[in-house]
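Chains S and G, in that order, give the protein sequences. If you want my numbering, it's the position in the first sequence, counting the first as 1, plus 39. If you want my numbering, it's the position in the second sequence, counting the first as 1, plus 293.
Check each hint, because a few of them may be wrong.
To be verified - For lysine-lysine, the following DSS-like pairs were computed, each having C-alpha atoms within a straight-line distance of at most 30 Å:
hint, chain 1, residue 1, chain 2, residue 2
1, G, Lys351, S, Lys91
2, G, Lys384, S, Lys184
3, G, Lys351, S, Lys184
4, S, Lys86, G, Lys324
5, S, Lys147, S, Lys173
Honestly, the hints are just simulated from the structure, not real lab data. Predicted, not measured: the structure shown is a model, and the values here were computed from it.
This is what each chain is made of:
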Amino acid sequence: MALSNIYELYQTMERDNTMLSFKGVVTSDLLTSVLQIMESKLDHVEKSPKTKKKVYNVLVECLQNLYHHNEEIGQSEGLDFLFSKSALLMISKNSDHYEVKTGNYIAKHKSIELKQKLDDINALDKDGLRDLYKSVLNDGELSEKGTAGLGMIDIARKSGNKLEYDFMPVDDNYDFFCLNVKID
Amino acid sequence: MNEIMENLKLEGSAKTPTVTFDAGGGTLELKGRSIPENSVEFYKPLNDWIDAYGASPKAVTTVDIKLEYFNTSSSKCILDLFKQLEGLNGKGTEVKVNWYFEEDDEDMEEAGEDYQAIINIPFNMIEVEEI
């Protein structure tokens, strides 16, 4: 990477009002540190306790999605181990909203499942999301990893906006899943 | 027989709530935040304690939930805890839940209402300035 790219990278992050950016493997310790850093940053920049809580909540679910996802991909064949476990997380504050962006590799057959889930979520309004959350909460079972299948529904509820997403093809087996969550 | 039931006290951490389960007083309190990656591990001892408590409960069991945040993994465990308490209700104890939420925290208020709709025990929704 040319040295001038460092400045470009800085400018891009400055322009996007990046509060925090991380690329790598999301471990339990990393997750804890990011949450601590973001909590204190939010205490400084955000006056509304309501917004602070929503952003924090979305962050918790996004980070835990990345964390559990890593556990999963770690056991799969194909992509280079560390490369495939690596993920991206970016948090930015714009004048009237926050954005939490995540990126991670995902097996193609899982992309189809996830896309369906996200489309279903995006088709619902506030009350619809609440009903869906309640029914999954009441009927669903926790996985061994402790995931409840509620993460994306909760993110959508806290966000108050449609979930923006895309799956970029990587190779025959993998896509790169991009998610952008806007929080008003 | 008639062994004295031990209380359950757990200090809160960055990811787990403070737990104060008092067998003698019949009061069960969760306070703080509950955001562990895998909440099953954390909630298992709480379920075990309630099982043991259910053998000889107080006439009134008061459950105080004072959470500022909880993640979706915890949300399932909290429901299971309520279901367990629902099972005790009317069997030697009357269970009631006090659900605390901070003023303007609609999300936490809604979460309490959602549990209230699923669980058949009396819920008091209590708005406070700060948890």
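Checked hints:
The hinted pair formed by lysine 351(G) and lysine 91(S) fails the criterion: a straight-line CA distance of about 39 Å is larger than 30 Å. Between lysine 384(G) and lysine 184(S) the alpha-carbon distance is near 34 Å, which puts this suggested pair outside the 30 Å criterion. Simply put, lysine 351(G) and lysine 184(S) have alpha-carbon atoms about 35 Å apart, too far for the 30 Å limit, and the pair is violated. At most 30 Å may separate the alpha-carbon atoms for a hinted pair to count; lysine 86(S) and lysine 324(G) meet this at roughly 24 Å.
Between lysine 147(S) and lysine 173(S) the alpha-carbon distance is near 29 Å, which keeps this suggested pair within the 30 Å criterion.
In this structure, the earlier hints numbered 1, 2 and 3 are contradicted, and the remaining ones agree with it.
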